[in-house]
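Visitor: Residue-level listing of the chains:
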Amino acid sequence: MRLVRVFPFLLLLLSGSTPAAPVEFKPSDRLVLIGGTLVEREQRYGYWETMLADRYPGLKVRNLGWSGDNVTGEARRAFDLGDPNIGRKRLVDLALAEKPTVILICYGANEAFEGQAGLENFKKGYEKLLDELAPAKARMILLSPAPLEDKGRPLPDPSLQNQRLAIYRDAIKQIAEARKLTFADLFQVLGEGKAPLKDLTDNGLHFTGAGYKETASAFAAALGFTDGAFSDGMEKARQAIVAKNQLYFYKWRPQNETYLTGFRKHEQGRNAKEVAEYDPLVAELESQIEKLLKK
Amino acid sequence: MYRNAIILLAGLVLPSLAFAQANAKVPDPDPELERKTFILPEGFEVNLYAADPLLAKPIQMNFDPQGRLWVASSETYPQIKPGQKANDKVIILEDTDGDGKADKTTVFADGLLIPTGIEPGDGGAYVANSTELVHLSASKPGGKADRSRVVLSGFGTEDTHHILHTFRWGPEGNLYFNQSIYIHSHIETPHGVKHLNGGGIWRFRPESMEMDVFVRGFVNTWGHHFDRWGQSLISDGAYGEGVNHGVPGAYFVTAVGGTRLMKGLNPGSPKHCGLEIVSGRHLPDDWQGNVIMNDFRGHRVCRFKIGEDGSTFTSREMTEVIKSNHPAFRPIDVKMGPDGAIYIADWYNPIIQHGEVDFRDDRRDHTHGRIWRVTAKRRQLVKKPDLVGAKTPELLEQLKAPEDWTRQNAKRVLKERGAKEVLPALETWVKGLDANDANYEHNLLEALWVYQSFDTAEPKLLNTLLNAKDYHARAAAVRALSLWHARVPNAIELLSVRATDDSPRVRMEAVRALAATNSPAAVAPAFASMDKPVDRTMDYALWLTARDLAPVWMPKFQAGEDVFGGNVKGLTFALEAVGTKDVAKPLRAMLESKKLPKDRESAVWALLARVGGPKDLVFVLNQGVFAIDTDAHRNTVMAALEDNARRNKIVLKESDGANFEKLWGSYPLSSLEAADAAVRLIGLWKAEKFRAVLASRAKEGIRSGFEGLALWGDPASRKLLEDLADPKQTVAIQRHAVIALASLDIVTAASRAATLLETAKPTDDHSEVYQTFLSQKGGSEALAKALVGKKLNTDVAKLGLKAVRSSVQDAKPLSDALTKAGGLTAARSDYSPAEIKAYVEEVLTKGDAARGELVYRRKEATCLACHAIAGAGGQVGPDMTSIGASAQVDYLVESILIPNKAVKEGYHALKIGTKDEKVVVGIKTREADGKIYLRTSEDKEIAIAEKDIEDKSQSRSLMPDGLADQLTRQELVDLVRFMSEMGKQGPYAPNKARFIRRWQVLEPSKENVFQLQRASAAKTVENPEAFVWTSTYTKVSGEFPLDTLPKLVVWTGSEPFGIVRAQLDVTTGGKVKLKIDGATGLALWVGNAPVEVKNETVLDLKPGLQTLTFSVNLTSRKEGFRVELEDVAGSPARVNIVTGK
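Line by line, the protein sequences are chains B and H. First residue of the first sequence: 1, per this note's numbering; consecutive thereafter. First residue of the second sequence: 1, per this note's numbering; consecutive thereafter.
Okay, chain B solo, but in the shape it has when bound:
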């Protein structure tokens, strides 16, 4: 049984109203994902990643999403609150260290709360981020935020925020066009807040596991694949992918960073070597995933 729901705008896409050249991946690609909660939580559910990995067995995905983040890398500043550039620097350093061939960026959902007033800063910040990621010489995919779902009161009515998100989506699209980068319009595929969404989230804002599963097709459509979806046959691989993501998370965002690499490293820095021990564990799972998907 296919569990794929066909979203109204996905139909539109299928009918060819929005021509989008599909993103092409190679099995040898290394894809780095960057963004806020939408990206971060994908790593714990893995439906989108599994859908991609199934199409391109061997594709390596590194999820660097961080809840609450924005184009300045604000959530990654930790102690260095006085340095407005440090969060982005950390993000870029991490991303470049992965030697990515493709980078997918999804920002704007958080900045959009500021509406028109925050738009200029957002655009400037986005450009800066792209400039600093340029040394990777990777193909860039700019993914729009998703629209909010109306879950009824007492949660807020999302219509105002959806209007603001549309403005931010347009800005991202312009940046992509000016730089000739791929733009993936998840916002449009999911109905721009005009067509009601159902049961994708439990707070209006963030997809649940079921939400990621359902929107794997929408994510695929935003990338230009008309036939992408998650199917039950991929479940085993998905579980392995989630386990791999967990190990990778322990590596790049270990607990106790203050002591491992931060300003108290003279106390526990000797234990920082442990984080490198995750690399072979990740590699081992990745070869299992590849086998599972090639079957």
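Derived DSSO-like pairs (lysine-lysine); straight-line CA-CA distance at most 30 Å:
| # | chain 1 | residue 1 | chain 2 | residue 2 |
| --- | --- | --- | --- | --- |
| 1 | B | K273 | H | K911 |
| 2 | H | K1102 | H | K1019 |
| 3 | B | K89 | H | K947 |
| 4 | B | K198 | H | K194 |
| 5 | H | K101 | H | K140 |
| 6 | B | K89 | H | K918 |
| 7 | H | K915 | B | K89 |
| 8 | B | K273 | H | K85 |
These aren't lab readings, by the way, just hints derived from the structure by calculation.
Chain H: place on chain B using the hints.
Guide: Just chain H now, kept in the frame of chain B:
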């Protein structure tokens, strides 16, 4: 069944027992052996409720309405290992047969990573799981959780003993949770992204996802609960101020953005984890409302009596619930249970340090844990109420229960039944309440809280409670209104009435609620509250409100609008609170109108001096400075003016209309500080006509003259300074000149300094010379170079090394130069593990704590200068009250020999280089308003503007190297033995008695003796400012030993005596008792009034800071003395002893 469990356990822990024999630090884990070490107050007993292997490493626990105990536990803590599967658990413990022991254990969830918070509710439980707050639930009732919903994500994990923790339902149905100092969280909600950098307490409503920060700061706050009337009480596991009162929006210690901090109620207290409030029929009347917190370092479960004190509370430590000397007893959470007993989670671990001890240290326990249950003997337990099975009207009746546990859990069940079912019944219940019931208003409040839990505004009930007779009820209603203000049409009007309520608690809540409205209309009513008395906490609440509302009132004020409704007192208060920007024009207009009340005028002058431009400063100089009422105010205005001129490079000239003749012509400024500021301004403004004033001052040896010359900095000033630095001059003049010259020409200054030091005697105090070079970029190197080839007196060189060490800068070239010039041998900086081990052995076998205390107290050891005991002493380093109960001996030895190896959190120094070539090192206390605040090794707090900072880097520990060099091996061993006993049961245990521990004494200095010769000893109380007072501290026992009292002999042959004084901070006036051991030879003044000394001396104190001065006749008195503060029955007095440095 526990017997079996223990036998089973014995098999499991055999390797650990074997290890226990090899290392005395790991104890036998038999719970009964542990229980036998517990000492409880008469009439109480303790039993084991649950233990390993049923649970391991409990962290937080909370009961559900069925009376089941949910425990979050982690074997993974402190750090997951690569390849290890995170498998931490939430377990549910149940006592099904009511015998006080858990007989059923369910693993509700596993596969978690260091879950640090747990609160059952909404059909499952909310769990803190690293970066996420998740809601776990089971699809089968009573089953294992098979559903996990991420509720919030983005919590920082920079430190696993600071991560998301301390979950609590508020009485009004919000979920509260905490994070600690190192954590930075950024949380996406449908209302926007919420940020909390550093510590604080979050407030969250799950169904609407509304989220805000309730209070900010703390170091590691693992305890929070609400009293019967909804006031927040908070504990801190790494900061010693005992119980803290959570004024909404307050900034506590370390808060990012806090320029002014709220203090705890027990300054100098040991640190505590967990917080519960006693209530219910099982426990005795005098325990009701007491706070229980755990001194997990000192193996104590502590009890505090809370009293009312104006807008806030007092807190007094009482006899412990449990004390023990068991090295692994680590009480960390405490909760009242459904049966009215006290439940204590024992983390059971000999090692509690997070960062200072290796994550992989073998002594860390990962397998044990206990829940203890304390009951009162011969008192009936409370019958566990059936809440889940009760009909809704029965549940509502439970809101009248005396047990907080029952009322709180009844509200949880009501909430989960939903508004549709509950609200109609609630309305009926409220109507049926007996208005003559003594608890009528509290019953109404419980109803209001149920409405709040459904977020259903209920203006009628709210209005009744806003007008309740009991101020506690009014205060709680105001708090509710602060959350409903947008939905109650006349909210500001209602709050305005309460802002001038008769009760200070209500006024405090009203002022905070007005801030929450974020409306310009709230400003005037908030500050109208100042017509009533403003106590310290109220003053703080007003300060917060002034700042919170600044974005709405400041633009209006700048535009000339009277937003404060003519309330000048409120306006000046608010301007001082906000720090004033672009307000010179309206301030000047106020002064020119000459309508200001006299008592507020100097405050406005000072504000204008701080923020005005050149024309405003001319106005201040000509019209303000000489018209101001007191010298103290004049000093403030001149200091503000000088600071403004220097910061903003404002130069005034006579041609601008400034009356310089009046300022400098004949020294008319009567007060010294203002005059010094004026003299420096001559140099800053290069006022040629008055150059001679500078020169003559400098030649008189007056510091401001030198400073003025340095500020001027032209060749003539430089030449004069060089002349004054010549060896022909007096030592004092040379020193001033060298210091001033350093800012102009570091090389010449260094060469003059080297000459000065070459001829220096050990009695000369040149520490400031070293400080000058050390605090200037390239300074210490220049001085080191100048010292090449010089020969210094050995003791002079030693003093120099001491100054370099206490600056805690890495100034190796200078240390080397001093060592060489003085012919000294270099200090040791490294010790092998074998050497450390040998020390540890000796501490355990040969150390003597009593001798060690004397070493600790020696002036040369300088321990007291930086470390406090029970709050008395320096504040630079950690308080030592419980050091022995928390730190291992090897850690203590290393900390003294190699101070920089492992440093306590919050005690890492920061080195800041400024744009004007200065270097400052200190511990960052906070960051706010674009400034970084540092506490320096001299225990001074200084602020540096971010914009003036060129570079920042982590510096070493502020504890200087080489301290051990001046001790013999035995002295060091004794010292460590003493420290290792601190906080353990025995003579060095924390003591709840309120001794005066910090005293100030008169040293027999020339100045002091001269002053005494001019008048009698009574002069010291009439004009204490004329004397120089030095702080000194009692022994751990509270005794002030007479050998530390400086002997004063005023005339040759006259009777020797000593003078000591202490201060009491009186927040509410009234009678208190001093218990003094023996009146012999003592005379006492309170303020300047003599009081007869008796063994029990009763004083009637007025509010404010009160000074007790004792003169001690050293001929008739040979014994030291202890002075203990005690309450007088029925007295309203609220008094704290002033501690600190």
